Amino acid sequence: MTEFLNDWGITVLVFLPLVGALLMMFIPAKDEESHKLIALLTTVATALVGIALFSEFDFDRTADLQFDVNTSWISVVNANYHVAIDGMSLPLIALTLLVVPLVIIYSWNHIPDPGNAKMFLMLILVLHTGMLGSFVAQDIVLFFVFFEVVLLPMYFMIGVWGGPDRLYASIKFFLYTLFGSALMLVAFLALYWNTGSQTFDMQELASLVAERDIPLGTQVLIFGGMFLGFGIKVPMFPFHTWLPDAHTQAPTQGSVILAAVLLKLGTYGFVRIAIPILPEAAVEWAPWIGLLAVIGIIYGALGCLAQTDMKRLIAFSSVAHMGYVMLGIATLTPFGINAAIFGMVAHGLITGMLFFIAGSVKDRYHTLEIKRLGGLLVQAPKMGWILGFCTMASLGLPGLAGFWGEFPAILAAYNPADGVSTSLFRVYMVIAAIGTVFAAGYLLWLLQRTAFGTPSDEFADDPEITDMNMTEWIAWTPFLVLIVLFGFVPGIIFDITDGAVVESLKTLAR
Amino acid sequence: MSVFSSATSIFAAAASDESFQPSDWLFENVWIVPAIMLASFVYILLFGKTFPGKDRVHFVGLTAISAALAISLLTAFTWITQYEGEQGDHSAQTSAFVDPSIVTAVDADEEGDKAKDSSRGCLAESNVVGDLRASDDEYALGSLLLNDIGSAELAVDAGEDGKGAGHIKAKPVVRCLEWFSTGSFGGESATGDTLKFHIGTIADGQSIMMLVVVTFISFLVHLYSTEYVKGDRRYVHYYAFLSLFTASMLFMVLSSSTLQLIVGWELVGVCSFGLIGHWWEEKPNSDAALKAFLTNRVGDIGLLVGMIVLFFGAGQTFDIQTINYLAVHGGLSQTTMTVAALCLMTAVMSKSGQFILHTWLPDAMAGPTPVSALIHAATMVVAGVYMIGRLYPVFWFGMSIEGSPINALAFVGALTVVGGGALAFVQNDVKKVLAYSTVSQLGYMVLALGVGAYTAGMFHLFTHAFFKACLFLGAGALSHACHHSFDMKAEMGGLRKRMPVTFATFMIGTLALVGVFPFAGFWSKDEILVGTGGFPSTNANGNYTLLLIMGLIGAAMTAGYMTRVIWLVFFGEYRGHVDPHDPPPVMKYPLIILAGLSVVTGFLNFPADWFGGLGSRFGLKFEQWVEPPRGDTFPVITHGDSNFLLAVIASAVGVASAALVWTYYQKLYAKDPSATEVTEGLRSKNKLAAGGYALLENKYYLDDLYQGGIADPMKGPIARAAYWLNQNVIDEVVNTAGRTSAMLGRFVYRYIDQGAIDGSVNLSGTSASESGGLLRKVQTGRVRNYASLMFGAAALLAAVFILAI
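Chains A and B are the protein sequences, given in the same order.
Per this note's numbering, the first sequence runs over residues 716 to 1225.
Per this note's numbering, the second sequence runs over residues 339 to 1143.
Just chain A, with the same shape it has in the complex (with noise of 0.2 Å):
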């Protein structure tokens, strides 16, 4: 079993759900019910790979990479099938295998208009194999490749099963992140011809660069278009105006799995490969990553104090979340990343749950509009205070999982890495630390506007107005249960990033 594990575990992780969506080819579509049965039995059995491999994985040495696979791939550029892995992607992958089979349970009863349930679920197990190849991959091809293969699904979903723009925001998501990959993708080739046509192997690369003495200017430049791809896809301020629209115009499952998991795949870019292999660039970058990230913080806080749109309003926060936790990867220290990753993880959780009930409160009301809602706890009282929970979660409250990914990257801005500028971090780390009024200032608003209050006549007395269902219990409570285990125990997740965290940064300690 380990045997198998080591050689083969990651493999069928990664490709599982791509057989469960070829299986599907071959029934016909009006057989709904079995569609929804093999798509959850894929996701879970998916997730059940994964936990065999969490019990074999070595929580001692999170820093080595393990159920290492390397083998040769396209050899006529170098590039090789190496998957592991380690401390650092193994929380983001657990995500990933919670997040896609609850998406699924959610689905079971809120596949969105105009149906098609077998189309959709395929997409979403598509999108699967895309993020968890991701998070798996140890060479920037096998990376690229799947990181562009998560583009395309989500195009669908979006411009498929989307709202009424959906045709403008499935068009901008695509060719925005495009845009953005096209450079990556240059800059990875930049960086094999400059660490002479040898290997695409992350690790690799990241000794080579060491030896090769890169001018530092070319560094630079590399790390610039990393920057774009990663950074689009974060979102940072200024590229994050894709975002607001595609999530407004997804379908919930859509918006879940983009702010759940398809924005950590930016932020994963940057302590992955990035930072790794261009620490001395990281190094001139880090005060402007910073400054994005905290006018992020700021920013992305006013844009959602204009929103009407309950579900554009939390589209916005992510804008701001994600700029903590680019700020804590700016400052390039072990404990900032940490924070980083927690922060991932964390948001994930908590903006993943937002999405969810924006999505049962437009099932409901059939608008999202701010303005005419009010009164859910009248109405829907547990999922009101379902709402009130997540908004608190996600406004930072010590206690749950939100605070431990705030707080520290706040911590870490007052004292970064050698060669970064400390003066002026730590006038970062204030106004990230103002960024937690205004955080607070627009979800209780949020919630003051949405779930305070009495309902307005319009849904007084709507029939169709009910409490929380089976499937959602079931598809939110892990969720639920997650956000305040991380609060009390962050150790979870720290002790699990940290070796792998640490390991990643000693080739900006040389």
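The hints are simulated quantities; they were obtained by calculation from the structure and are not laboratory data.
Don't take each hint at face value.
[To be verified] Have a look at the derived ranges for each label pair, beta carbon to beta carbon: (1) A:W1003 - B:L515: 37 to 45 Å; (2) B:I930 - A:V1204: 42 to 50 Å; (3) B:P622 - A:S1136: 46 to 54 Å; (4) B:P390 - A:D1172: 53 to 61 Å; (5) A:V1204 - B:Y1038: 22 to 30 Å; (6) B:G1046 - A:R1087: 26 to 34 Å.
From a predicted model like this one, the values you see are computed outputs, not experimental measurements.
Backbone N, C-alpha and C fix where the C-beta goes; we use that ideal spot for every residue, glycine too.
Guided by the hints, dock chain B onto chain A, whose structure is given.
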């Protein structure tokens, strides 16, 4: 460990108190108290709705709080017993001479130990506090029991002011577990080092005192609420929140690290939010809840930044005892301490309702009255005061309290005393008067800590909790009787005879608040005034004459506005329309108990030179029990000498003010028995009076400033401007790029592709239309052009890129 080696013990040997290490199972396991309340919360949350008869869910809360109270009282009792026992032993073997050279030698040895030990937080802290003698196994278990340390630290000179002499103080009992650990920061401090974060408890005089206050008031409020909140639309929620609040408050009180303190601090804030907005159907209530939370968040900026500054200043640790030790022993730079103290002060300003961030507190009265008594008078709002006490060395040195005539902290406190007191005069809502009175009294506490009168501040916190809870619950009883109104002018008056028990208890609470001899407030307020050192021959830490005067003005104001309340509520004619009478027993007994305590608690710390032999025997007990040993993790503070003349002056000022207000109402009553206030005449005659009244009525325009100057512009124009920028500038760039690409695409297609090289690129054309066909299902036509040109642009950029490299 450069930080620790710089912290030499030279100063410590110079002037520290003798101390001993109390030890008891209870001190190491006080976490049980919040745990009980947490369990109660979880139980009510999960099973409250299905509890047999949900209007009886208070059984759960009451049982839990009773247990918590019992354990707290037992802990306090054990603490006191051990202390008194130690004094007995001590007097038997008086003045065991300790050779200073031995002390130095032991200290040097300790330094060595510290240097060897690379871990931080609790472990380092136990090194700091005393000699760590825990075996490796014990360490692995995380149980760091600090037994048997005393001798090395047995000090030389116990308190130079003489009053502390002969007492040996109790050291804190700290117990920690590792919470989590992460990689450290780069730089000099650590490479590849691990930062350990601890969670734990400190049992010392201060925390045990607070434990008793919180559980005691909470118990009475639980009891009182069974009647007061009976039949409420959200009875279960109410009790769930009460339990959660008590748990969080105790969690915060017992914190052994500042990180834990932040967690508790915010959790009590969220409970406060939930309880202020308890009746959230009405917008004013949810507005008040939001205001409270957001104002506190503003202060929290200071809390976060201040704690971060201390974290790095103290060599990357959140551990409270380590920070305190370093502050006392010169391990923190003056800048660090000043910056941290100023930042933390803003947190205190919001949480403990100090000027100018106090504005949320009166609005918080929108919550149920028992909650106001518990959270917004007796416990949560003193969290800021408590935090100052917890990190007292940082404030002591950071604010340069010793020997100074003024500092920011003390001034904010004094300003709050006067500013809050003035506002209490113009309120018609009895709860609002009490709220502003709370603001004013919190000002006294902060003033006390700001001038170095640590014990006086803590003592006022202690006595205030009882008499203010008494007054708030009394106000609840009034409202219960008077048609759920708090309006003194419209619904009350002449209630003296109709509600005798309420009157008696309210009167006692008032006397205590005003500071009439021998009620509780008299003693604590007197100590604060003495502590300012502004009065001749009080020999306190500094020379805060101005603040003494402000404190006296505050005393006069307190007497004035409370006399007004007493008159309007209990004297004159009854102006309401119902038949008010005393509340039922479950509400009455808490009032009586609290009134009783408002009489006696002051004697816990009466001056040692009063009442002859009684004073030297039983005086200053509170100080001895609560104040930590000086010189170790607590600064060497001086206690002022009590002054009979000052006490007389303070009392006279209060009596005069009360008499003035009383005469005014007497005259008014003689003219018109139903009149409640006639200041129109004065205001129309005197412009200054009119202006002053308007200023007070509008609460110094601070609300308007915050709402109109900050909140509204943020929500309105600024947010809209940012969003406009987003849509019309940043996003427009993206859209324009897309449109231009598409246009360029059409141009290229029409003139170059079709015109010039048609045919030669058939192959690529086919593939393009194939992929386009796929996309056309969603978006006809535009996509291909869009996509091809985006790729074109990317390729162009790539080319530039490659050339550049």
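These are the hints, each one checked on the structure:
In this structure the supplied range 37 to 45 Å holds for A:W1003 paired with B:L515, their Cβ-Cβ distance being about 41 Å. Separation of B:I930 from A:V1204 is about 45 Å and conforms to the stated range, judged on CB atoms against 42 to 50 Å. The supplied range of 46 to 54 Å is met by B:P622 and A:S1136, whose beta-carbon atoms lie about 47 Å from each other. Checked against the given bound of 53 to 61 Å, the beta carbons of B:P390 and A:D1172, roughly 38 Å apart, lie outside it.
For A:V1204 and B:Y1038, the Cβ-Cβ distance of about 45 Å falls outside the hinted range of 22 to 30 Å, so the restraint is violated. Evaluation of the 26 to 34 Å hint for B:G1046 and A:R1087 yields a pass: the beta carbon distance comes to about 27 Å.
Of the numbered hints given earlier, the model fails hints 4 and 5; all others are met.
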